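Participant: Below, each chain spelled out in residue letters.
Protein chains: 4
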Amino acid sequence: MSESIKRVVLAYSGGLDTSVILKWLQTRYGCEVVTFTADLGQGEELEPARAKAELMGIKPEHIFIDDLREEFVRDFVFPMMRANARYEGDYLLGTSIARPLISKRLVEIAKQTGADAVAHGATGKGNDQVRFELSCYALNPDIKVIAPWREWDLTSRTALIDFAEKHQIPVPKDKRGESPFSTDANLLHTSSEGKVLEDPWEETPDYVYSRTVNPEDAPDAPEYVTIDFERGDGVALNGQAMSPATLLAALNDLGRKHGIGRLDLVENRFVGMKSRGMYETPGGEIYARAHRGIESITLDRGAAHLKDELMPKYAELIYNGFWFAPEREMLQAAIDHSQEKVSGTVRLKLYKGSVAVVGRKSPHSLYSERHVTFEDDAGAYDQKDAAGFIKLNALRLKLLAKRDR
Amino acid sequence: MSESIKRVVLAYSGGLDTSVILKWLQTRYGCEVVTFTADLGQGEELEPARAKAELMGIKPEHIFIDDLREEFVRDFVFPMMRANARYEGDYLLGTSIARPLISKRLVEIAKQTGADAVAHGATGKGNDQVRFELSCYALNPDIKVIAPWREWDLTSRTALIDFAEKHQIPVPKDKRGESPFSTDANLLHTSSEGKVLEDPWEETPDYVYSRTVNPEDAPDAPEYVTIDFERGDGVALNGQAMSPATLLAALNDLGRKHGIGRLDLVENRFVGMKSRGMYETPGGEIYARAHRGIESITLDRGAAHLKDELMPKYAELIYNGFWFAPEREMLQAAIDHSQEKVSGTVRLKLYKGSVAVVGRKSPHSLYSERHVTFEDDAGAYDQKDAAGFIKLNALRLKLLAKRDR
Amino acid sequence: MSESIKRVVLAYSGGLDTSVILKWLQTRYGCEVVTFTADLGQGEELEPARAKAELMGIKPEHIFIDDLREEFVRDFVFPMMRANARYEGDYLLGTSIARPLISKRLVEIAKQTGADAVAHGATGKGNDQVRFELSCYALNPDIKVIAPWREWDLTSRTALIDFAEKHQIPVPKDKRGESPFSTDANLLHTSSEGKVLEDPWEETPDYVYSRTVNPEDAPDAPEYVTIDFERGDGVALNGQAMSPATLLAALNDLGRKHGIGRLDLVENRFVGMKSRGMYETPGGEIYARAHRGIESITLDRGAAHLKDELMPKYAELIYNGFWFAPEREMLQAAIDHSQEKVSGTVRLKLYKGSVAVVGRKSPHSLYSERHVTFEDDAGAYDQKDAAGFIKLNALRLKLLAKRDR
Amino acid sequence: MSESIKRVVLAYSGGLDTSVILKWLQTRYGCEVVTFTADLGQGEELEPARAKAELMGIKPEHIFIDDLREEFVRDFVFPMMRANARYEGDYLLGTSIARPLISKRLVEIAKQTGADAVAHGATGKGNDQVRFELSCYALNPDIKVIAPWREWDLTSRTALIDFAEKHQIPVPKDKRGESPFSTDANLLHTSSEGKVLEDPWEETPDYVYSRTVNPEDAPDAPEYVTIDFERGDGVALNGQAMSPATLLAALNDLGRKHGIGRLDLVENRFVGMKSRGMYETPGGEIYARAHRGIESITLDRGAAHLKDELMPKYAELIYNGFWFAPEREMLQAAIDHSQEKVSGTVRLKLYKGSVAVVGRKSPHSLYSERHVTFEDDAGAYDQKDAAGFIKLNALRLKLLAKRDR
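Just so you know, the protein sequences line up as chains A, B, C and D, in that order.
In terms of UniProt numbering, the first sequence opens at residue 1 and continues consecutively.
In terms of UniProt numbering, the second sequence opens at residue 1 and continues consecutively.
In terms of UniProt numbering, the third sequence opens at residue 1 and continues consecutively.
In terms of UniProt numbering, the fourth sequence opens at residue 1 and continues consecutively.
Some clues are possibly wrong.
Just so you know, same-sequence chains aren't split out, so a pair can sit in one copy or run between any two.
[Unchecked claim] Keeping only pairs whose Cα atoms sit at most 25 angstroms apart, straight-line, the calculated BS3-like set for lysine-lysine is:
#, residue 1, residue 2
1, LYS384, LYS398
2, LYS349, LYS257
3, LYS361, LYS313
4, LYS59, LYS349
5, LYS6, LYS111
6, LYS361, LYS195
7, LYS173, LYS23
8, LYS402, LYS144
9, LYS173, LYS349
10, LYS104, LYS6
11, LYS166, LYS59
12, LYS361, LYS402
13, LYS257, LYS6
14, LYS313, LYS23
Please keep in mind that the hints were generated in silico from the structure rather than gathered at the bench.
Because the structure is a prediction, the values reported are computed rather than measured.
I would like the entire structure built from these sequences, with the hints used as guidance.
Facilitator: Encoded structure:
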């Protein structure tokens with residue numbers, strides 16, 4: 001990327017790495033930098049980022065700090081949850097789902113500030129570079145994307161710190177030693193990779209977890225909660241109406257307390273390697289189970305099974321960074337179509353790391369006690385119908401058996 | 001079914017219901033009855049069934065009592081577990097997977113004894129009638145299948161008990177009152193439906209569970225175990241080699257102790273209605289998680305994702321009774337092809353109702369610490385490759401964006 | 001079906017079979033009959049049906065004759081064509097797609113006339129009974145459906161004709177001999193089954209075809225036509241704007257002339273048996289190819305491939321009668337979402353039975369000559385990007401190969 | 001790719017481009033070159049390639065000329081045809097399926113000659129580079145692959161010819177002018193891209209076709225042929241047993257004569273752009289239709305529909321170069337499992353560009369005239385069974401309708 005850059009919008013956390021990137025962009029490209037810091041619920045103060053950016057010479061009007069929490073949950077997390085998306089059977093896509101929103105804002109701010117490029121701090125080995133860049137290109141095909149980790153020669157921790165010191169970037173004491181875990185956090189989850197986690201036979205040490213108590217330290221009594229859904233989205237906790245982000249935050253508190261949503265996974269990255277990650281998705285895990293619970297009584301079998309068949313592909317698209325691709329949108333259209341009547345209440349039991357659906361009710365329930373009962377059903381169902389049903393389902397198998405015996 | 005029947009093989013448990021069926025077959029069809037009682041690990045004495053059958057006039061050479069536990073786990077449960085099959089996201093198919101084996105033996109015994117029909121005790125509302133009959137017809141297209149619950153007029157509990165008393169069939173005291181839960185048990189699971197469970201808003205009362213302790217009563221300390229796999233199948237527990245059925249039984253003991261594998265589900269039956277069931281699959285739940293764990297380091301992404309996409313259909317086929325259908329066999333061929341290198345060891349933590357994979361290792365591991373490390377990778381991976389990878393993945397999205405802006 | 005029926009709406013063609021059914025309904029159920037005759041473009045006079053119905057005592061206000069051609073093509077054929085639906089690789093679903101519309105009108109007329117039942121003339125062996133009944137039940141779960149062919153004892157041609165003569169129903173001379181082909185016709189296609197076609201080794205005799213000339217008798221010179229599409233639907237032929245039904249009719253004329261759209265197929269019925277059918281879909285075949293042609297330049301790969309993957313299931317749903325099922329509607333939502341930019345012009349060559357796309361253009365084309373050219377592309381595409389693209393796509397295969405050598 | 005190369009195996013056609021590559025490899029890398037020329041049925045003399053290679057200093061023992069026709073058809077084309085694979089609905093994958101075999105031989109010869117690299121003549125814009133390289137890496141993860149078109153600076157036709165002349169490489173007269181079509185040929189097909197074809201609105205001129213007569217010049221009388229299949233593969237033409245390659249060659253002659261297998265397509269390349277190609281697959285088109293014909297009477301519905309659902313993904317994998325990936329092998333295992341009874345005879349009519357199945361018969365036919373007949377079926381099928389079949393299929397739709405009205 002030797003082309004000239006006039007102005008670049010940087011996804012800026014205020015931390016050491018993106019501060020180094022900020023300075024490197026100024027030095028390497030001689031360009032103006034616009035910083036963008038998003039509040040996605042990661043639980044950190046954001047105002048310090050403003051001060052640091054100013055210190056590094058960023059104009060006040062070029063410092064963007066946005067609270068995106070409601071948009072994040074409403075327009076990204078909840079649509080994904082409607083699909084019951086889990087990558088490789090388990091991962092709730094907490095990092096993957098945040099990248100398209102950050103990219104969207106990067107591109108918007110670039111337009112607003114007349115920038116011709118955006119930059120991110122993701123490395124060249126991971127999925128996030130792909131997610132950022134596919135999203136940015138899909139939203140503005142002419143944007144330039146700078147990925148310093150793929151370009152620069154600061155390939156060791158020491159080189160990075162030397163660069164920082166040389167440029168008067170403050171280096172926190174705890175960053176001086178060996179490289180930390182690679183972590184990501186937002187309202188949906190916290191993830192960690194690297195270091196001791198790199199041996200998939202070693203159990204994740206407890207100190208790696210930050211969002212949940214150890215289940216063994218969770219309360220000895222279970223707690224029951226209810227979540228209300230309307231048209232596929234959560235709207236209330238224990239009967240109290242809440243906005244999307246408020247609801248997820250409240251579920252996070254519950255999940256933290258009961259040690260829910262820890263996941264230790266070896267997964268397949270889009271770039272072709274396996275990695276081992278630790279995820280904590282306390283509120284997301286509760287929400288995901290509740291959503292399946294309300295679907296179980298409000299979705300018809302045909303809709304439910306189609307959703308299950310489409311899910312792995314949908315989750316893979318989000319994981320790989322194709323949120324803004326037409327096939328993701330097509331799948332979303334199908335999924336959203338199914339959620340019209342997914343309304344009602346789910347009751348859950350939270351206890352020492354586990355969450356179980358224990359009750360579900362809905363004004364739109366398709367469950368018919370009259371049909372299913374072992375007692376007299378007053379003619380709702382004629383058992384003799386089953387004979388013909390089985391006969392015709394068996395016909396092709398009988399013809400096969402006659403041929404092949 | 002007014003045709004004449006000469007001899008019928010009855011799936012006979014020795015309990016009240018199948019004893020009534022036995023007598024009803026003798027009475028209604030005037031035919032000879034052959035009884036078949038299978039030990040699938042349901043945990044009941046089977047010899048009493050012999051005595052009862054003899055009492056009802058069955059010839060000794062027409063009484064079959066088979067121990068099918070090893071065949072059940074080796075040829076049915078394990079192949080299904082290779083697919084990571086879960087119906088509607090959760091159900092481990094404990095009842096569904098037993099029916100094809102029972103049907104296979106019914107048809108074999110019919111051939112051996114010259115019987116022209118088989119009979120089962122499943123009702124006309126459920127899935128089991130379909131599973132039994134599709135399997136029997138697929139194995140012998142000329143067999144006649146008698147389903148007394150769809151034919152007779154014993155439609156109330158009272159009528160059934162009157163019939164029993166009229167024919168000197170002993171009625172246990174606990175069967176005199178209202179109808180019991182409808183249950184099914186084998187080495188893989190125990191299920192219950194009916195009665196209080198018929199209201200999906202009501203939590204399943206603890207007395208319904210019989211195979212697991214309540215998580216709240218489980219040990220306060222977690223327990224760690226290892227399972228070894230070879231070519232996709234479990235072969236050892238804590239380093240000790242075990243046959244398939246022995247391994248599953250040992251896992252059941254562990255699961256029982258730690259309250260693992262309870263599931264409360266509203267599911268969609270093949271016959272078109274929703275039902276609410278309670279399942280306990282203690283060892284199966286542990287095994288299923290372990291299998292995914294070993295796959296996570298030994299299966300390539302392409303194989304793993306294809307399996308995830310095929311799984312919902314595979315599970316649906318088993319649930320609906322199509323074990324002996326060519327499409328299930330085709331899927332099995334694909335799945336089994338993937339398991340060649342699925343060998344190694346998984347370490348699990350069992351604690352108060354939950355089971356978590358905490359470590360996995362394999363001589364065939366595809367996990368490459370050298371590739372994934374955040375540290376210096378000695379040239380294993382060139383981060384610059386990612387730029388081209390992203391550019392070409394983005395190309396179609398850029399062309400779309402250029403068109404649509 | 002021994003229940004009492006007050007008033008029934010009969011799908012009435014005016015032919016011998018449905019006239020017998022009309023009389024049989026009056027006789028068997030003692031109920032009032034409402035007749036419904038639909039013009040779906042089958043190319044027959046419909047007013048004689050009115051006269052016949054009146055002769056059989058139907059009240060004038062209970063005789064419904066509707067021209068449904070535009071609705072048929074606009075709301076059923078075109079949406080299906082957006083999916084490129086072909087059952088078992090070839091069949092364009094001409095009969096299957098008409099049944100939901102007829103059912104919809106039956107249910108509407110039942111409501112309008114206060115009828116409690118509907119009746120159709122489909123036999124108990126075919127797919128049409130399923131399609132009619134699933135559609136009717138999905139639209140009105142309380143409706144009763146009478147299927148005389150499954151109920152009565154007129155199981156031979158002779159019995160049917162005897163019944164007709166006994167009740168003064170005129171029997172056309174050509175219906176006196178052996179039973180005719182079973183045929184179905186509408187604006188989309190004509191099908192024939194039965195008789196000589198029952199041996200799948202025998203070539204379909206030319207006299208069975210009625211909608212197309214034999215390709216050998218078609219013009220010796222090819223004819224070129226253009227079809228314009230807007231948002232996935234055909235809107236003009238050779239530049240001349242046309243309504244959906246008018247367009248399809250004009251394409252039928254072209255297809256007839258050039259012998260296009262003949263299909264001889266052994267297919268799998270939903271009821272479990274194979275049947276051999278002959279189909280003529282002259283305009284539909286041209287339209288279907290044109291639609292794929294316009295999609296080839298306007299759909300992104302991701303959308304196109306997802307459509308191809310979903311298509312077999314979508315086609316199966318329509319074939320099996322599940323037009324009004326939620327999973328068909330979900331798939332339709334996904335498909336329709338993709339058609340936003342499927343606009344432009346396709347040029348086709350028609351010649352002696354074949355139709356080929358020879359040109360396509362669109363204001364929304366995604367085809368970029370600049371990118372694809374073998375000549376100098378002025379930097380649109382950097383060939384070096386391909387190296388990284390391939391390297392990362394290869395990574396998992398390399399890791400596999402290293403493990404398995 | 002600045003690493004040192006000792007010896008490289010080049011896929012060498014003997015034409016101008018690969019001769020230039022040969023010389024460039026010697027010059028650029030100072031390495032020894034091994035040439036590999038494959039006879040895949042492209043219809044060219046191969047011995048001239050030997051003479052040219054010798055002229056350019058290749059040692060006789062380093063010149064490999066292999067007749068791979070039987071292996072190509074038996075182990076690549078036929079397995080793919082078992083899947084009824086067509087990319088994007090139409091393309092029979094003639095180029096895609098040859099690349100893995102060439103790659104396999106490149107890697108084998110590299111091993112045999114102690115070469116550390118292979119080289120191919122595919123450009124950086126197309127699919128073939130991906131197919132070659134993914135296959136080579138999957139077969140030998142340590143092999144180096146050199147793709148001169150992505151490396152050198154011979155980016156114009158003139159530069160290429162200058163290089164040739166400077167190095168005494170003979171330049172045929174017809175190669176001096178503008179660049180020719182990009183073509184590929186083997187026993188399965190011939191493809192052309194580029195030049196006039198780059199405008200997708202322009203009809204492909206007749207002179208582009210080389211393997212088939214224009215349908216308008218084909219015989220005025222149709223020709224009927226039969227193909228016999230055994231276990232999914234063609235084994236005889238018109239009753240005469242033939243090897244795989246012999247059969248395909250004979251079908252090519254028939255297809256050429258009748259103008260069969262021309263295809264004009266805009267397709268989506270793996271590298272992200274659309275391209276327009278012209279394909280001639282005369283024998284392959286006949287074979288593909290015949291294979292579906294024999295499957296139509298020998299495959300059960302479950303197997304047939306599963307194959308149809310899996311096909312798009314299978315075709316995409318081959319198109320994208322993943323022949324040697326585990327997921328392709330898994331799908332192949334499923335497909336091959338289905339072909340056990342796919343034996344019998346198909347009769348086809350060839351006429352002026354079209355090929356139609358007109359008859360099929362098999363000792364393993366599942367078609368049952370007795371079941372399907374409109375005449376008396378002697379009790380093979382009880383029409384009343386259909387009532388129960390429909391009722392239970394309708395049940396979930398009725399419950400939906402009751403809820404939603």
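Participant: Now, for every hint given, state plainly whether the structure supports it.
Facilitator: Do the hints match the structure? See the list:
1. In this assembly of identical chains, LYS384 and LYS398 lie within 25 angstroms of each other by CA distance both inside one copy and across copies; the values are 21 angstroms within and 18 angstroms between.
2. Proximity of LYS349 to LYS257 under the C-alpha cut-off of 25 angstroms is found in both arrangements, the shortest distances being 13 angstroms within a copy and 20 angstroms between copies.
3. In this homomeric assembly, LYS361 and LYS313 never come within 25 angstroms of each other (Cα to Cα): the closest approach is 30 angstroms inside a single copy and 28 angstroms across copies.
4. Within a single copy, LYS59 and LYS349 get their C-alpha atoms no closer than 51 angstroms, and across copies no closer than 53 angstroms, so neither meets the 25 angstroms cut-off.
5. Within a single copy, LYS6 and LYS111 get their C-alpha atoms as close as 13 angstroms, which meets the 25 angstroms cut-off; across copies the closest is 51 angstroms, which misses it.
6. In this homomeric assembly, LYS361 and LYS195 come within 25 angstroms of each other (Cα to Cα) only across copies, at 17 angstroms, whereas the closest approach inside a single copy is 46 angstroms.
7. For a Cα distance limit of 25 angstroms, the shortest separation of LYS173 from LYS23 inside one copy, 20 angstroms, qualifies, whereas the shortest one across copies, 58 angstroms, does not.
8. Taking the closest pair of Cα atoms, LYS402 and LYS144 come within 25 angstroms of each other only across two copies (14 angstroms); inside a single copy the shortest separation is 66 angstroms, beyond that limit.
9. In this homomeric assembly, LYS173 and LYS349 never come within 25 angstroms of each other (Cα to Cα): the closest approach is 42 angstroms inside a single copy and 36 angstroms across copies.
10. Taking identical chains as interchangeable, the C-alpha atoms of LYS104 and LYS6 lie at most 25 angstroms apart only when both belong to the same chain, with a minimum of 20 angstroms there against 49 angstroms between chains.
11. Within a single copy, LYS166 and LYS59 get their C-alpha atoms as close as 22 angstroms, which meets the 25 angstroms cut-off; across copies the closest is 59 angstroms, which misses it.
12. In this assembly of identical chains, the alpha carbons of LYS361 and LYS402 lie at most 25 angstroms apart only when taken from different copies (17 angstroms versus 47 angstroms within one copy).
13. For the homomeric pair LYS257 and LYS6, neither the shortest alpha-carbon distance inside one copy (49 angstroms) nor that between copies (63 angstroms) is at most 25 angstroms.
14. In the homo-oligomer, the alpha carbons of LYS313 and LYS23 never lie at most 25 angstroms apart, since the shortest distance is 40 angstroms inside one protomer and 46 angstroms across protomers.
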